[in-house]
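Please put together the full structure from these sequences, using the hints given.
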Amino acid sequence: KAGVTQTPRYLIKTRGQQVTLSCSPISGHRSVSWYQQTPGQGLQFLFEYFSETQRNKGNFPGRFSGRQFSNSRSEMNVSTLELGDSALYLCASSFGPPGAEAFFGQGTRLTVV
Amino acid sequence: AQSVTQPDIHITVSEGASLELRCNYSYGATPYLFWYVQSPGQGLQLLLKYFSGDTLVQGIKGFEAEFKRSQSSFNLRKPSVHWSDAAEYFCAVGFMEYGNKLVFGAGTILRVKS
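Protein chains in written order, with the numbering used here: chain A, 1 to 113; chain B, 1 to 114.
Check each hint, because a few of them may be wrong.
[Unchecked claim] No more than 35 Å apart at the CA atoms, straight line, and that leaves these computed lysine-lysine pairs for DSBU-like:
{"id": "1", "chain 1": "B", "residue 1": "LYS49", "chain 2": "B", "residue 2": "LYS68"}
{"id": "2", "chain 1": "B", "residue 1": "LYS68", "chain 2": "A", "residue 2": "LYS57"}
{"id": "3", "chain 1": "B", "residue 1": "LYS49", "chain 2": "A", "residue 2": "LYS57"}
{"id": "4", "chain 1": "B", "residue 1": "LYS113", "chain 2": "B", "residue 2": "LYS68"}
{"id": "5", "chain 1": "A", "residue 1": "LYS13", "chain 2": "A", "residue 2": "LYS57"}
{"id": "6", "chain 1": "B", "residue 1": "LYS113", "chain 2": "A", "residue 2": "LYS57"}
{"id": "7", "chain 1": "B", "residue 1": "LYS49", "chain 2": "B", "residue 2": "LYS61"}
{"id": "8", "chain 1": "B", "residue 1": "LYS113", "chain 2": "B", "residue 2": "LYS61"}
{"id": "9", "chain 1": "B", "residue 1": "LYS49", "chain 2": "B", "residue 2": "LYS113"}
[Unchecked claim] Computed Cβ-Cβ distance ranges for the label pairs, DEER-style:
{"id": "10", "chain 1": "B", "residue 1": "GLN42", "chain 2": "A", "residue 2": "SER79", "range": "46 to 54 Å"}
{"id": "11", "chain 1": "A", "residue 1": "GLN44", "chain 2": "B", "residue 2": "GLN45", "range": "30 to 38 Å"}
{"id": "12", "chain 1": "B", "residue 1": "TYR27", "chain 2": "A", "residue 2": "GLU101", "range": "17 to 25 Å"}
{"id": "13", "chain 1": "B", "residue 1": "GLN45", "chain 2": "A", "residue 2": "THR80", "range": "30 to 38 Å"}
{"id": "14", "chain 1": "A", "residue 1": "GLY28", "chain 2": "B", "residue 2": "GLN45", "range": "14 to 22 Å"}
{"id": "15", "chain 1": "A", "residue 1": "ARG9", "chain 2": "B", "residue 2": "THR5", "range": "29 to 37 Å"}
[Said to hold, decoys possible] To give a feel for the contact side, a few chain A residues facing chain B, derived at Cβ under 8 Å:
{"id": "16", "residue": "SER33"}
{"id": "17", "residue": "PRO39"}
{"id": "18", "residue": "LEU43"}
{"id": "19", "residue": "PHE45"}
{"id": "20", "residue": "PHE50"}
{"id": "21", "residue": "GLU52"}
{"id": "22", "residue": "THR53"}
{"id": "23", "residue": "ASN71"}
{"id": "24", "residue": "PRO98"}
{"id": "25", "residue": "GLY99"}
{"id": "26", "residue": "ALA100"}
{"id": "27", "residue": "GLU101"}
{"id": "28", "residue": "ALA102"}
{"id": "29", "residue": "PHE104"}
{"id": "30", "residue": "GLY105"}
Calculated directly from the structure, the hints in this document are not laboratory data.
Glycine included, every Cβ here is placed at the ideal spot set by N, Cα and C.
Shown next as structure tokens:
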């Protein structure tokens, strides 16, 4: 079966712009989580969506937001981009119950200049 | 707050030698425990997981890990390392009350020398 698909793979944006990243989970999976990975902070949890509802949220400013659609596809948005937002953004898909195995996409590499 | 510690940032082992990567977590109850591997520019691949039961779990690619409640540890082991095992390894914990949120350690970069 198809894996987790993240688009686009690479993005270059300018400070102050906004960006939207997309994640298509594995078919049948209802939970989508987002993570930010940077060399300095490592892997940090952004938020999780389950059945179109945000179930958990990490410690990120309100510039980071997300949503999930009825087909479980998810988008995350970052507004007013800062240089420090440059990172690999990873999406993880799982069936739903806590502790279920998470399958990761290859990520979107965002560079803010 | 939950935390995961991987004390070794880099480890170098010879091909064919054994490997142990350390992981300690801080949390009151028993969490779900995972080990993931990441190759450069790629996403994360699950190696193995522990939920409950037998404290020695087997994973893919010949890896195993042992959960020790008394030490709050979940160390990853492999008896004989192959050059293709060179990658970054992440320990992660999850908690029933936090859905599918995972807290990751800082990672250990494994280098394999021939």
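Outcome of the hint check:
As the CA atoms of LYS49 of chain B and LYS68 of chain B are separated by approximately 14 Å, the hinted pair is consistent with the 35 Å bound. For the hint pairing LYS68 of chain B with LYS57 of chain A, the CA-to-CA distance comes to about 29 Å; that is within 35 Å, so the pair holds. Straight-line distance between C-alpha atoms of LYS49 of chain B and LYS57 of chain A comes to about 23 Å, which keeps the hinted pair within the 35 Å bound. Between LYS113 of chain B and LYS68 of chain B the CA atoms are separated by roughly 30 Å; this keeps the pair inside 35 Å, and the hint holds.
A C-alpha spacing of about 25 Å is found between LYS13 of chain A and LYS57 of chain A, which places the hinted pair at or below 35 Å, so the restraint holds. A distance of roughly 41 Å separates the Cα atoms of LYS113 of chain B and LYS57 of chain A; the hinted pair therefore is violated under the 35 Å criterion. For a cut-off of 35 Å, the pair hint linking LYS49 of chain B to LYS61 of chain B stands: about 14 Å separates their Cα positions. For the hint linking LYS113 of chain B to LYS61 of chain B, the alpha-carbon distance of about 18 Å falls within 35 Å, and the restraint holds.
Restraint check for LYS49 of chain B and LYS113 of chain B: satisfied, since their Cα atoms lie roughly 28 Å apart, inside the 35 Å limit. In this structure the supplied range 46 to 54 Å is violated for GLN42 of chain B paired with SER79 of chain A, their Cβ-Cβ distance being about 28 Å. Between GLN44 of chain A and GLN45 of chain B, the C-beta spacing of about 19 Å breaks the proposed range 30 to 38 Å. Distance hint check: the CB atoms of TYR27 of chain B and GLU101 of chain A are about 20 Å apart, consistent with the given range 17 to 25 Å.
At about 34 Å, the CB distance of GLN45 of chain B to THR80 of chain A agrees with the hint of 30 to 38 Å. Between GLY28 of chain A and GLN45 of chain B the CB atoms are about 20 Å apart, so this pair conforms to the stated range of 14 to 22 Å. A hinted range of 29 to 37 Å for the beta carbons of ARG9 of chain A and THR5 of chain B is consistent with their spacing of about 32 Å. For SER33 of chain A, the shortest C-beta to C-beta distance to chain B is roughly 5 Å, which falls under 8 Å, so the interface hint holds.
Here the hint on PRO39 of chain A is broken, as its CB sits about 10 Å from the closest CB of chain B, past 8 Å. Given the 8 Å rule on beta carbons, the hint for LEU43 of chain A holds: about 4 Å separates it from the nearest Cβ of chain B. Annotation: PHE45 of chain A was flagged as interfacial toward chain B, and the flag holds, the nearest CB pair being 5 Å apart, inside 8 Å. Annotation: PHE50 of chain A was flagged as interfacial toward chain B, and the flag holds, the nearest CB pair being 7 Å apart, inside 8 Å.
Interface hint status for GLU52 of chain A: violated, as the beta-carbon distance to the closest one in chain B is roughly 14 Å, over 8 Å. Interface hint status for THR53 of chain A: violated, as the beta-carbon distance to the closest one in chain B is roughly 10 Å, over 8 Å. A least Cβ separation of about 18 Å between ASN71 of chain A and chain B goes past the 8 Å threshold, and the interface hint is therefore violated. Given hint, PRO98 of chain A at the interface with chain B, holds; its Cβ is 5 Å from that chain's nearest Cβ, closer than 8 Å.
Taking 8 Å as the C-beta contact cut-off toward chain B, the hint placing GLY99 of chain A at the interface holds, the least distance being around 4 Å. Given hint, ALA100 of chain A at the interface with chain B, holds; its Cβ is 6 Å from that chain's nearest Cβ, closer than 8 Å. The criterion of a C-beta within 8 Å of any C-beta in chain B is met by GLU101 of chain A, whose closest approach is roughly 6 Å, and the hint holds. Hint status for ALA102 of chain A relative to chain B: holds, with the closest Cβ pair at about 6 Å, below 8 Å.
Because the smallest distance between the Cβ of PHE104 of chain A and any Cβ of chain B comes to about 4 Å, under 8 Å, the interface hint for this residue holds. This hint holds: GLY105 of chain A has a C-beta 5 Å from the nearest C-beta of chain B, less than the 8 Å allowed.
Checked against the numbered hints given earlier, this structure breaks hints 6, 10, 11, 17, 21, 22, 23; the rest are met.
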